[in-house]
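Construct the entire structure; sequences and hints are all you get.
Each chain is listed here by its residues.
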Amino acid sequence: MSKKILVVDDSKTALMMEREIVERRTSYQCVTASDGQEAIEKAQQEQPDLVLMDVVMPRMNGFEACKRMRQQPSTREIPIVLVTTRGEESYMEAGFQSGCNDYITKPVDGAELVALLQSYLGE
Amino acid sequence: MNGDKNVVSGTKSSRAGMNDLRLEAARKRLTESRSQEDAIEGLREIVANFLGSEEIGLFKVERRSATFRVYWSFGIDADDHDLPRALGETGLQRVMRGECHVVLPGRDRSGPVSKVQAFIPIRFANQTVAILAILRLLPQKVAFDRTDMELFKLISEEAAKPLFGASVHAMSVLEGPGMRV
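Keeping their order, the protein sequence lines are chains A and B.
So for the first sequence, the working numbering puts the first residue at 1; every next one is plus one.
So for the second sequence, the working numbering puts the first residue at 1; every next one is plus one.
Since the hints were made in silico from the structure, they are not lab data.
Keep in mind that a hint or two might mislead.
[Stated by the list, open to error] Here are the simulated DSS-like cross-link-like pairs (lysine-lysine), alpha carbons at most 25 angstroms apart as the crow flies:
no., chain 1, residue 1, chain 2, residue 2
1, B, K153, B, K28
2, A, K67, B, K28
3, B, K115, A, K12
4, B, K141, A, K12
5, A, K12, B, K153
Here it is, written out as structure tokens:
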């Protein structure tokens, strides 16, 4: 069975692009959510192999969603990669404190994203 | 040796493929906008996610008065922005002719003295009806590359209708001849 990635972003453009990369350039399946709250619900239902999540989102941001996923036994072990326009060190530190495994900045390089996903999930 | 060549060409082709996906996503986002507001949000998303900027202004060309009017901005106070001055006469002429104008950063001994900026003509019926100004890049994005130019071209060709709706016809047809620059 192919591995599953949960892609989370409130931007339709980013979501569309990341979904296309996952579906056309990898063998993984893709499910999507558009804010942190929905991400937590989808992560519990879908049990993805990895979460690729934006930070700045309405309702619940990526840091908070990441923290909450780490607190729940069913989502605690899922690798989480945060994606954001903010590349400052303090922001990245906050990301890692929230429990993410990796942190990448926008604009996302598609080839690098595929390599990163494969480093977690294999080809 | 051949193996190395294959790796390089594979990487190039993979990057080209990724660029196609990016262009396709941008085109889809613009053309499938449900309203002018949604198109503006789409444009903001494209610039932030694909071009790496959160300081953007959209200036509408007012042909009758030969001026520019701030139509929308994000991350800057566009009312304080002097577009003709930022573009310079040559840049303004280029953009009005339909070419993108990229300002490269100037440097002196103390470091950079100006920012990378891009001015993209929004075209309809062979006329520039608005100018999208990308005024500062995110720190992690140091310059525009060839693939960004392709995205500029797409924005230039596809954004007018979603952004301005039916009024784009009036902007290009009814308001008379080209602007004096």
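So, going through the hints one by one against the coordinates:
With a C-alpha separation of about 15 angstroms, the suggested pair B:K153 and B:K28 falls inside the 25 angstroms cut-off, and the hint holds. With a C-alpha separation of about 34 angstroms, the suggested pairing of A:K67 with B:K28 is violated against the 25 angstroms cut-off. The hinted pair formed by B:K115 and A:K12 fails the criterion: a straight-line CA distance of about 29 angstroms is larger than 25 angstroms. With a C-alpha separation of about 21 angstroms, the suggested pair B:K141 and A:K12 falls inside the 25 angstroms cut-off, and the hint holds.
Of the pairs offered as hints, the one joining A:K12 and B:K153 holds, with about 21 angstroms between alpha carbons and a cut-off of 25 angstroms not exceeded.
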